[in-house]
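S.K.: Here's the letter readout for the chains.
Number of protein chains: 2
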Amino acid sequence: MDFEDLYKSLRLPNPPDTKLVLLVLDGVGDIATAETQFKTPLEAAKTPNLDQVARGSAMGRMIPVYPGVTPGSGPGHLGLFGYDPLDYEVGRGVIEALGVGIELQGGDVAARANYCTLDQQGIVRDRRAGRIPTEVNEKLCEKLRKIKRIEDTDVIIKAGKSHRFVVVFRGKDIEGPLTDSDPHREGLPIKKVEPVVKSAKAEKAARLVSLFYGQALPLLAEEKPANGFLLRGIAHMPHIPTFQERFALRAAAIAVYPMYKGLAQLIGMRKLEGTNTTAEEFQKYLDEYDNFDYFFIHVKATDMYGEDGNFEQKTAVIEEVDKVLPILLKKKPTVLAITGDHSTPVPMKGHSWHPQPVLLHSAVSGSDNLERFTETHTNRGSLGLFYSKDLIRLMMANARLFDKFGA
Amino acid sequence: MDFEDLYKSLRLPNPPDTKLVLLVLDGVGDIATAETQFKTPLEAAKTPNLDQVARGSAMGRMIPVYPGVTPGSGPGHLGLFGYDPLDYEVGRGVIEALGVGIELQGGDVAARANYCTLDQQGIVRDRRAGRIPTEVNEKLCEKLRKIKRIEDTDVIIKAGKSHRFVVVFRGKDIEGPLTDSDPHREGLPIKKVEPVVKSAKAEKAARLVSLFYGQALPLLAEEKPANGFLLRGIAHMPHIPTFQERFALRAAAIAVYPMYKGLAQLIGMRKLEGTNTTAEEFQKYLDEYDNFDYFFIHVKATDMYGEDGNFEQKTAVIEEVDKVLPILLKKKPTVLAITGDHSTPVPMKGHSWHPQPVLLHSAVSGSDNLERFTETHTNRGSLGLFYSKDLIRLMMANARLFDKFGA
Chain A
201 MDFEDLYKSL RLPNPPDTKL VLLVLDGVGD IATAETQFKT PLEAAKTPNL
251 DQVARGSAMG RMIPVYPGVT PGSGPGHLGL FGYDPLDYEV GRGVIEALGV
301 GIELQGGDVA ARANYCTLDQ QGIVRDRRAG RIPTEVNEKL CEKLRKIKRI
351 EDTDVIIKAG KSHRFVVVFR GKDIEGPLTD SDPHREGLPI KKVEPVVKSA
401 KAEKAARLVS LFYGQALPLL AEEKPANGFL LRGIAHMPHI PTFQERFALR
451 AAAIAVYPMY KGLAQLIGMR KLEGTNTTAE EFQKYLDEYD NFDYFFIHVK
501 ATDMYGEDGN FEQKTAVIEE VDKVLPILLK KKPTVLAITG DHSTPVPMKG
551 HSWHPQPVLL HSAVSGSDNL ERFTETHTNR GSLGLFYSKD LIRLMMANAR
601 LFDKFGA
Chain B
201 MDFEDLYKSL RLPNPPDTKL VLLVLDGVGD IATAETQFKT PLEAAKTPNL
251 DQVARGSAMG RMIPVYPGVT PGSGPGHLGL FGYDPLDYEV GRGVIEALGV
301 GIELQGGDVA ARANYCTLDQ QGIVRDRRAG RIPTEVNEKL CEKLRKIKRI
351 EDTDVIIKAG KSHRFVVVFR GKDIEGPLTD SDPHREGLPI KKVEPVVKSA
401 KAEKAARLVS LFYGQALPLL AEEKPANGFL LRGIAHMPHI PTFQERFALR
451 AAAIAVYPMY KGLAQLIGMR KLEGTNTTAE EFQKYLDEYD NFDYFFIHVK
501 ATDMYGEDGN FEQKTAVIEE VDKVLPILLK KKPTVLAITG DHSTPVPMKG
551 HSWHPQPVLL HSAVSGSDNL ERFTETHTNR GSLGLFYSKD LIRLMMANAR
601 LFDKFGA
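Chains as they are written, first to last, in our numbering: chain A, 201 to 607; chain B, 201 to 607.
Careful: at least some of the hints might be erroneous.
One copy or two, either will do: identical chains are not told apart, so a pair holds if it fits within one copy or between any two.
Claimed, not checked - The calculated EDC-like cross-link candidates involving lysine to aspartate or glutamate, where the alpha carbons are at most 20 Å apart (straight line), are:
id	residue 1	residue 2
1	K208	E423
2	K532	E235
3	K343	D354
4	K604	D287
5	K343	E473
6	K391	E519
Just so you know, the hints here were simulated from the structure itself, not pulled from any lab data. Note that the structure is predicted; figures quoted are calculated from it, not measured.
Required output: the full structure, derived from the provided sequences and hints.
M.R.: And the structure:
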């Protein structure tokens, strides 16, 4: 029997008031080095509330994808949601489109785009058009929106920050991935995009991109310095079985940043809007408690300050989350998992492969008799070292959602 | 996507001066028992240099093959080199041939051989011919070398220690494995060898072995007590993708014993000759620093004294390695991994399945805040319990050789 079938065959109905909460402190895992005086932000932070939860929890560490593999936010979160990130690859264009808040539909082909500067011969002279301000970007995107449709396909354009924007093609019989139009260095012309793997759908998508260029470049011809644009990571929104189909749980996503709501939407989670702080996110959980079985709550700032190499601020964010944690605990969920989607170590200023610490709390999680939720404590936890994609199974087991296997 | 393809797709070019060092203390892992006063050699040894490295390292334990499986040197090392030992089985004849220093070529068929005593009816009376001295063995092998060629196939014969030697058939269209000619107990005649799996190549190899017996036994007929020989583990040298092909690293092997150089050669590592002590091995690394990206350095004596059940000497070898470790650290590698290929516990006097301790040190390994490199310390490390075959991925990640996966 396949392990997926095994879990399905053991699935019991939810007991009343079953609530699973996955609290993701994005990039929370870190490394201790001489640079950080051999402490991690989790170690340095004062976290009385988290400590109390930790003392009654099972803990461990999770490999986000494979040993030594550093994940982006897409694979990182898919793993946490119980999807093997290698089975469900999500292209960069799709992630970018989700990031600017476009509500993608299955089959949409999305591209990361950025404005560039071309010379009179059409040679790329500045791949980022001098990093034009966002307001200029928005005006240029408004111009490009004259192109609403090519053949039978809708075109959706949305500005990001600085020189970055997104182009989405929504129609029938198109697919990615396509090669980049970005030559990846200055001094070369814009490249023609081609299917990465030949197929009628990919060829149609490539043709639409060429036609789009044909109409769009003249619209920008008089602009300075952004008289051109480059496309990268052109990919389609994959059809992924929904979270509800796979786990029979009504799931909600509570996040501030569009990308994380988008990633949850990829697998059919309902996104709950209107939160700007962690306190508001926890309050949203209380408000929506009755309407869902599973809540994904996302805190972004741990990752942001990790990327900035800002030890103090990353530590401060953890302390802030700790301070408002009692809001969440007003209605204690059946199962609470706290972890990251990957590590973002301060000394590395970026995502990394280091397994992220994880804490699992329920009436039956057991306690590992460890005092705090830190990297070195979780190293000694009963959950050991395991893959992110298995976390959902442990959460469901802790909610008593699986029957015994065999007699 | 396949995980092997994943790693390939993420491979970045080596930054300048990227050096990965795998220091194998053969069989270093051990177990604490009443017999050893509940200490392991790593615990008993005074290792100030190793301790200092350990304090800045990530640590864990590795399963050499599968839980409960005790590996020989072949699978043990293949795992460390990033080859799943079940995908790349290397027959005992091949290992033995590498061990006596024969430079095998892909397709060679090799057999472990030992001299035996036959009675007048051809019945095996002593399977080891009274363990004749090595000098006698060498004279007998010289006699057998009259047989240089059978049909279109070269025959290579090389003496080992005591009654053991190796026979290699080098030609076209031959393969193993073949059944043993050794009846495995006294009182039976030499057995005819047969293909384990029928194939034209295996049948040709079996025929060559029979013809070899036909010519060889008369050459020994007058000898006493070694008037016969038995063959075991007849196998061919497999075609294995090279380390360079798989990992794009120029690799060198620094070892004293031929078998370990041979195992490294199996996957195309360059063997560096002329070292007799660990200090010389470390010096060789310094001398060859510019010429390679990856260095496999092998220390044998930890395993030897483990096999002898000699706690004091195994401990002393660890202390000796510690004393000369500063030579290696004169040119600190980008990534240093220290481990064994398996455990060889003193109380067991042999290889075992116990996961071996491993230490990983780099600028981004992080520190697990553990004081020493011992079994009990590594039990609490951030690397957790993982498979030997994944070590190369962690080493490469620590050298920053992988791009981020997904956005």
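S.K.: Against each hint, give a clear statement of whether it holds in the structure.
M.R.: Structure-based check of all given hints:
Taking the closest pair of Cα atoms, K208 and E423 never come within 20 Å of each other, the shortest separation being 57 Å inside a single copy and 41 Å across copies. Taking the closest pair of Cα atoms, K532 and E235 come within 20 Å of each other only across two copies (18 Å); inside a single copy the shortest separation is 38 Å, beyond that limit. Only within a single protomer do K343 and D354 lie at most 20 Å apart by alpha-carbon distance; the minimum there is 16 Å, versus 78 Å between protomers. In this assembly of identical chains, the alpha carbons of K604 and D287 lie at most 20 Å apart only when taken from different copies (17 Å versus 28 Å within one copy).
Taking the closest pair of Cα atoms, K343 and E473 never come within 20 Å of each other, the shortest separation being 29 Å inside a single copy and 69 Å across copies. When the C-alpha separation of K391 and E519 is checked against a cutoff of 20 Å, the pair qualifies neither within a copy, at 48 Å, nor between copies, at 61 Å.
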